[in-house]
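Participant: Now for the letters of each chain:
Number of protein chains: 2
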Amino acid sequence: MNVNIGSASENVAGGREEGHRLDKLRRSLTRGKQPAFLVSGLPNIRYLTGFTGSNGYLLVTPDKVTLFTDGRYEIQARQQTQGIEILVSTSNVLDLLVDKVRRTRFKRLGFERNRMSFQTYEFLRRKLRGRRLVALDGLLERQRMVKSPLEVERIRRAVELNSRAFDVACGKVRSGWTERRFAAEIEYHMRLLGASKPAFDTIVAGGARSALPHASPQLVALERNAPIVVDQGAILDDYVSDMTRLVCLGRLSNQQHLLFQAVREAQQAAIEAVKAGVKARGVDRKARQVLKKFKLDKAFSHSTGHGIGLEIHEQPRIGRQEDVRLASGMVITIEPGAYVEGVGGVRIEDVVVVTSTGCEVLTRTPRDVRFL
Amino acid sequence: MNVNIGSASENVAGGREEGHRLDKLRRSLTRGKQPAFLVSGLPNIRYLTGFTGSNGYLLVTPDKVTLFTDGRYEIQARQQTQGIEILVSTSNVLDLLVDKVRRTRFKRLGFERNRMSFQTYEFLRRKLRGRRLVALDGLLERQRMVKSPLEVERIRRAVELNSRAFDVACGKVRSGWTERRFAAEIEYHMRLLGASKPAFDTIVAGGARSALPHASPQLVALERNAPIVVDQGAILDDYVSDMTRLVCLGRLSNQQHLLFQAVREAQQAAIEAVKAGVKARGVDRKARQVLKKFKLDKAFSHSTGHGIGLEIHEQPRIGRQEDVRLASGMVITIEPGAYVEGVGGVRIEDVVVVTSTGCEVLTRTPRDVRFL
Numbered sequence: 000m001n002v003n004i005g006s007a008s009e010n011v012a013g014g015r016e017e018g019h020r021l022d023k024l025r026r027s028l029t030r031g032k033q034p035a036f037l038v039s040g041l042p043n044i045r046y047l048t049g050f051t052g053s054n055g056y057l058l059v060t061p062d063k064v065t066l067f068t069d070g071r072y073e074i075q076a077r078q079q080t081q082g083i084e085i086l087v088s089t090s091n092v093l094d095l096l097v098d099k100v101r102r103t104r105f106k107r108l109g110f111e112r113n114r115m116s117f118q119t120y121e122f123l124r125r126k127l128r129g130r131r132l133v134a135l136d137g138l139l140e141r142q143r144m145v146k147s148p149l150e151v152e153r154i155r156r157a158v159e160l161n162s163r164a165f166d167v168a169c170g171k172v173r174s175g176w177t178e179r180r181f182a183a184e185i186e187y188h189m190r191l192l193g194a195s196k197p198a199f200d201t202i203v204a205g206g207a208r209s210a211l212p213h214a215s216p217q218l219v220a221l222e223r224n225a226p227i228v229v230d231q232g233a234i235l236d237d238y239v240s241d242m243t244r245l246v247c248l249g250r251l252s253n254q255q256h257l258l259f260q261a262v263r264e265a266q267q268a269a270i271e272a273v274k275a276g277v278k279a280r281g282v283d284r285k286a287r288q289v290l291k292k293f294k295l296d297k298a299f300s301h302s303t304g305h306g307i308g309l310e311i312h313e314q315p316r317i318g319r320q321e322d323v324r325l326a327s328g329m330v331i332t333i334e335p336g337a338y339v340e341g342v343g344g345v346r347i348e349d350v351v352v353v354t355s356t357g358c359e360v361l362t363r364t365p366r367d368v369r370f371l
Numbered sequence: 000m001n002v003n004i005g006s007a008s009e010n011v012a013g014g015r016e017e018g019h020r021l022d023k024l025r026r027s028l029t030r031g032k033q034p035a036f037l038v039s040g041l042p043n044i045r046y047l048t049g050f051t052g053s054n055g056y057l058l059v060t061p062d063k064v065t066l067f068t069d070g071r072y073e074i075q076a077r078q079q080t081q082g083i084e085i086l087v088s089t090s091n092v093l094d095l096l097v098d099k100v101r102r103t104r105f106k107r108l109g110f111e112r113n114r115m116s117f118q119t120y121e122f123l124r125r126k127l128r129g130r131r132l133v134a135l136d137g138l139l140e141r142q143r144m145v146k147s148p149l150e151v152e153r154i155r156r157a158v159e160l161n162s163r164a165f166d167v168a169c170g171k172v173r174s175g176w177t178e179r180r181f182a183a184e185i186e187y188h189m190r191l192l193g194a195s196k197p198a199f200d201t202i203v204a205g206g207a208r209s210a211l212p213h214a215s216p217q218l219v220a221l222e223r224n225a226p227i228v229v230d231q232g233a234i235l236d237d238y239v240s241d242m243t244r245l246v247c248l249g250r251l252s253n254q255q256h257l258l259f260q261a262v263r264e265a266q267q268a269a270i271e272a273v274k275a276g277v278k279a280r281g282v283d284r285k286a287r288q289v290l291k292k293f294k295l296d297k298a299f300s301h302s303t304g305h306g307i308g309l310e311i312h313e314q315p316r317i318g319r320q321e322d323v324r325l326a327s328g329m330v331i332t333i334e335p336g337a338y339v340e341g342v343g344g345v346r347i348e349d350v351v352v353v354t355s356t357g358c359e360v361l362t363r364t365p366r367d368v369r370f371l
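From first to last, the protein sequence lines are chains A and B.
Residue 0 is where the first sequence starts when you use numbering that gives the first Met the number 0, and the numbers rise one by one after that.
Residue 0 is where the second sequence starts when you use numbering that gives the first Met the number 0, and the numbers rise one by one after that.
One chain only, chain A, in its complex shape (with noise of 0.2 Å):
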């Protein structure tokens, strides 16, 4: 295991990196005239502070920040944030907060419309009478969405790590392995090779099952002669990875060698679309093109690819109907895919980060299909 990754000095750069975060969404919130603002999606809060526990808000204001969590985290708080107000409940976490809210200032606050319940946003509209709950969209979303050089080198080497757990896991399967224990492997590898954990429930979908899109590993065998579909991410520092291969035991039919030809196709023409100022819906619409060339474009059911970061779906998603223009920085997957209910599925996904003359793409994996 590498027992380099994640060490001390990076931190440091994490820290200071989160200070410039705070201060462009402040500029936000200026700009906004909304300057008290209440983040309560846990990624966002970790992309502020470096706060990592599973119960917070963040209250952003001109002159301070100020976290809320419970006494599981209360140690770690400390230990993972600097330059901010802790403030720690015994019992309700909101009620902290509603009290510090009402020693402030401000007539308005403004709170993330696509990250709060309506349970919490009820309660804070009922506790804080007298002031203004203000939905604000997605602001941290696109802040997020392009990437600074050191979150580049993140995701890059999460990518890495990813395609070398897929190389290490593909060496050892054995005949008579089941879809669950192959995905097990995978993630058994990537967190030898110093993941954190897996960015999502691994897919491994054989055969007929090739043809969910999201489906789950099986306790059945790995099909032979037929298409299986692996889809992973690993999680390294933080930051996310996310490809998509398919292996094969034995030998592909034509029929599915050619839905193969047909994504690789389609993928390519994708990721040759993306470059900084064209929109989204265009690299979309590319990948549809090709499939519908091949009598494939009603097979294809999600979208050409989504941001990734600190989650493993971020803004901005490459779909059919998303107007928002790339930009150099951002990191996006493209990962189309043709499914046919019977036959079998083909899914091929690379990381590609967004430049100005177009995309470098991070994953090396060969894209081929991979006989084992």
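Since the hints were derived computationally from the structure, they do not count as laboratory data.
Please note: incorrect hints may appear among the correct ones.
[Unchecked claim] Here are the computed lysine-lysine pairs in the DSS-like style, where the Cα-Cα straight-line distance is at most 25 Å:
hint	chain 1	residue 1	chain 2	residue 2
1	A	63	A	126
2	A	274	A	291
3	B	99	A	297
4	B	126	B	32
5	B	171	A	171
6	A	99	A	23
[Stated by the list, open to error] Just a sample of chain A residues kept apart from chain B, beta carbon distances all over 12 Å, derived:
hint	residue
7	18
8	19
9	20
10	31
11	33
12	65
13	85
14	97
15	155
16	159
17	223
18	264
19	314
20	364
Glycine residues also receive a C-beta, built at the ideal position from the N, C-alpha and C atoms.
Here the structure of chain A is known, so what remains is to put chain B in place on it, guided by the hints.
Facilitator: For chain B alone, coordinates are given in the frame of chain A:
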């Protein structure tokens, strides 16, 4: 790997069981004069239908159940569910839901207060003008508190598998292993034993870090002569397990041993207090009383336990202010702890089933410190 786990016959039993669950929910809805109900919590949808996808809403009316999902889950939804209508969206699932609700006769639509985002609520309120949205509290969470015999059996098997994975991993620990390697080994063996995945991120926290109740395993060597807290759970056939034990390489100091004895005694007292009819806070108090005797009551920074089932944290919570009365068939954890910054922490956790005369402890792993 045990390929008998998750057999077809059980899935049939599951299907029947889901029918009973829907019937019971409808009776609650009728009593509440709220016949149309929108389920947005994914574990609740799974509980009612068997559907395990990551995107879905369920509309329950007196004579129909409709599942709304997207293209990724079309085939899967048909395979996993019985006797319900499935509508698949090509763009936004909520648009499809709105269309459907508008075509019903119901003027009021119940929804899950604690399982809906503010954003979704706002969208539905805007699109469903003329209908009233009624926030309902924990209807399904209450229904799910008491487990059926089939559910208890599934939890029992998940608990047994979890204990076996702990034993196997403990037998493999080598000097120089990191916390993360140990966690990887535990999770790997869960999978080899048939688990679909860990129920949560396995905690392995040694030395001073054992004082962090929710520490994540680090890339540091397992500490010698210090308590190492291992908190792990496995999911088998959709149901979770949860266990915490103390392991040690070398020996414990007298102070650390005393900490362990105090928590051990607190846990025993709490387990002995469990019985149908007793209030949850009564069980919590027993643990606190023992820790107070050891002057450790302030070192116990969380509650004594929680229900488990399809989710790792379910109702009832076994906390200081919980008035709910325990009932036969509830399955809860009993897990007091004590955490002293700089010295270390201890937590011991078992799963118990509440009975009319007391409880049955499902966890068979000895509670003593496991010296490796």
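Participant: Decide, hint by hint, whether the structure agrees.
Facilitator: Do the hints match the structure? See the list:
For a cut-off of 25 Å, the pair hint linking residue 63(A) to residue 126(A) stands: about 22 Å separates their Cα positions. Using a Cα cut-off of 25 Å, the hinted pair residue 274(A) and residue 291(A) holds, with the two alpha carbons roughly 23 Å apart. At roughly 24 Å between alpha-carbon atoms, residue 99(B) and residue 297(A) fall within 25 Å of each other, so this suggested pair holds. As the CA atoms of residue 126(B) and residue 32(B) are separated by approximately 23 Å, the hinted pair is consistent with the 25 Å bound.
Straight-line distance between C-alpha atoms of residue 171(B) and residue 171(A) comes to about 20 Å, which keeps the hinted pair within the 25 Å bound. About 24 Å separates the Cα atoms of residue 99(A) and residue 23(A), which keeps this hinted pair within 25 Å; it holds. With a minimum CB-CB distance of about 24 Å to chain B, residue 18(A) clears the 12 Å threshold, and the non-interface call stands. With a least CB separation of 25 Å from chain B, residue 19(A) remains clear of the 12 Å interface cut-off, as annotated.
The non-interface label for residue 20(A) is consistent with chain B: the shortest C-beta to C-beta separation is roughly 22 Å, beyond 12 Å. Every Cβ of chain B is farther than 12 Å from the Cβ of residue 31(A); the closest lies at roughly 18 Å, confirming the non-interface assignment. Consistency note on residue 33(A): stated as away from chain B, and its beta-carbon is indeed over 12 Å from all of that chain's, at 16 Å minimum. Against chain B, the non-interface label of residue 65(A) holds: every CB pair exceeds 12 Å, the least being about 20 Å.
Against the 12 Å criterion, residue 85(A) stays outside the reach of chain B, whose nearest CB is about 14 Å from its own CB. At roughly 17 Å, the least C-beta separation between residue 97(A) and chain B is larger than 12 Å, which holds for a residue marked as non-interface. Distance check for residue 155(A) against chain B: the nearest CB is about 19 Å away, which clears 12 Å, and the non-interface claim stands. At the 12 Å boundary, the C-beta of residue 159(A) stays outside the reach of chain B, the nearest C-beta of that chain being 17 Å off.
With a least beta-carbon separation of about 17 Å from chain B, residue 223(A) lies farther than 12 Å from that chain, consistent with its non-interface assignment. With a closest Cβ-Cβ approach of about 21 Å to chain B, residue 264(A) is found to remain outside the 12 Å limit, as its non-interface label requires. No Cβ of chain B comes within 12 Å of the Cβ of residue 314(A); the nearest lies about 15 Å off, and the non-interface call holds. At roughly 22 Å from the closest C-beta of chain B, the C-beta of residue 364(A) stays outside 12 Å, upholding its exclusion from the interface.
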